[in-house]
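S.K.: Sequence lines, in order, name chains A and B.
Everything in the first sequence is counted per my numbering, starting at 1 for the first residue and increasing by one.
Everything in the second sequence is counted per my numbering, starting at 1 for the first residue and increasing by one.
Errors might be hidden in some of the hints.
[As the list claims (entries may be wrong)] Result set (DSS-like, lysine-lysine): computed pairs, CA atoms no more than 30 Å apart in a straight line:
(1) 45/B to 83/B
(2) 42/A to 66/B
(3) 42/A to 83/B
(4) 77/B to 45/A
To be clear, the hints were calculated from the coordinates, so they are not data collected in a lab.
What follows is each chain in one-letter form.
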Amino acid sequence: DIQMTQSPSSLSASVGDRVTITCRASQSISSYLNWYQQKPGKAPKLLIYAASSLQSGVPSRFSGSGSGTDFTLTISSLQPEDFATYYCQQSYSTSCTFGQGTKLEIK
Amino acid sequence: QVQLQESGPGLVKPSQTLSLTCTVSGGSISSGSYYWSWIRQPAGKGLEWIGRIYTSGSTNYNPSLKSRVTISVDTSKNQFSLKLSSVTAADTAVYYCARGNYNWENAFDIWGQGTMVTVSS
Numbered sequence: 001d002i003q004m005t006q007s008p009s010s011l012s013a014s015v016g017d018r019v020t021i022t023c024r025a026s027q028s029i030s031s032y033l034n035w036y037q038q039k040p041g042k043a044p045k046l047l048i049y050a051a052s053s054l055q056s057g058v059p060s061r062f063s064g065s066g067s068g069t070d071f072t073l074t075i076s077s078l079q080p081e082d083f084a085t086y087y088c089q090q091s092y093s094t095s096c097t098f099g100q101g102t103k104l105e106i107k
Numbered sequence: 001q002v003q004l005q006e007s008g009p010g011l012v013k014p015s016q017t018l019s020l021t022c023t024v025s026g027g028s029i030s031s032g033s034y035y036w037s038w039i040r041q042p043a044g045k046g047l048e049w050i051g052r053i054y055t056s057g058s059t060n061y062n063p064s065l066k067s068r069v070t071i072s073v074d075t076s077k078n079q080f081s082l083k084l085s086s087v088t089a090a091d092t093a094v095y096y097c098a099r100g101n102y103n104w105e106n107a108f109d110i111w112g113q114g115t116m117v118t119v120s121s
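Kindly generate the complete structure, drawing on both the sequences and the hints.
M.R.: Structure (structure tokens):
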């Protein structure tokens, strides 16, 4: 299996901050990397697919970059509704895998 | 727009088989560049992919669960289903069904709301 490692596991930030979450794959996955946002009690929501493509309806303050093994999710200016848990997911291999999640909390 | 809804028992006894169904509404399960997956999440933990099915009936499973998982599709009912045998307390989780999109690097673009399944006697 391809292992996905996110950092940090948790992060405290303030409204208006710029935040970056990192995801590293245990082997190259080209651009087969997707990002999801999950709020408590809710299903995950797709934010970014193919490493850098913004899902329709997702605010432009969210952006993704990277290829190969190293990827980032950036939120340019945190809004109150952005406090949630974020997961990366590789869809390169037949058996897809998720990162362990990054919990973004209000400072 | 397409919506997914999970259904099935919320309580399953140890050693028995967990059975869930995902109903697809607002579109045909057979149309477009999609496949259909099950994903689970134990309380307070991360997401674990269980498996996928294509409308051809072809399947792929998580190697760690492969011996216990069966996913099937009923295109006439616009549904796909999950069976997980020989369950233990470790299988207690929220179970989600989700649509995978070939055109978007296989990302899961639509999710059901999730259903909680508890394994307990």
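S.K.: Does each hint hold? Answer for all of them.
M.R.: Status of the hints after comparison with the structure:
1. 45/B to 83/B: Cα-Cα ~22 Å, so holds.
2. 42/A to 66/B: Roughly 27 Å between the alpha carbons, so the hint for residue 42/A and residue 66/B holds.
3. 42/A to 83/B: Distance ~23 Å between residue 42/A and residue 83/B Cα, so the pair holds.
4. 77/B to 45/A: This hinted pair holds, its Cα atoms lying about 26 Å apart.
In this structure, none of the earlier numbered hints is contradicted; all agree with it.
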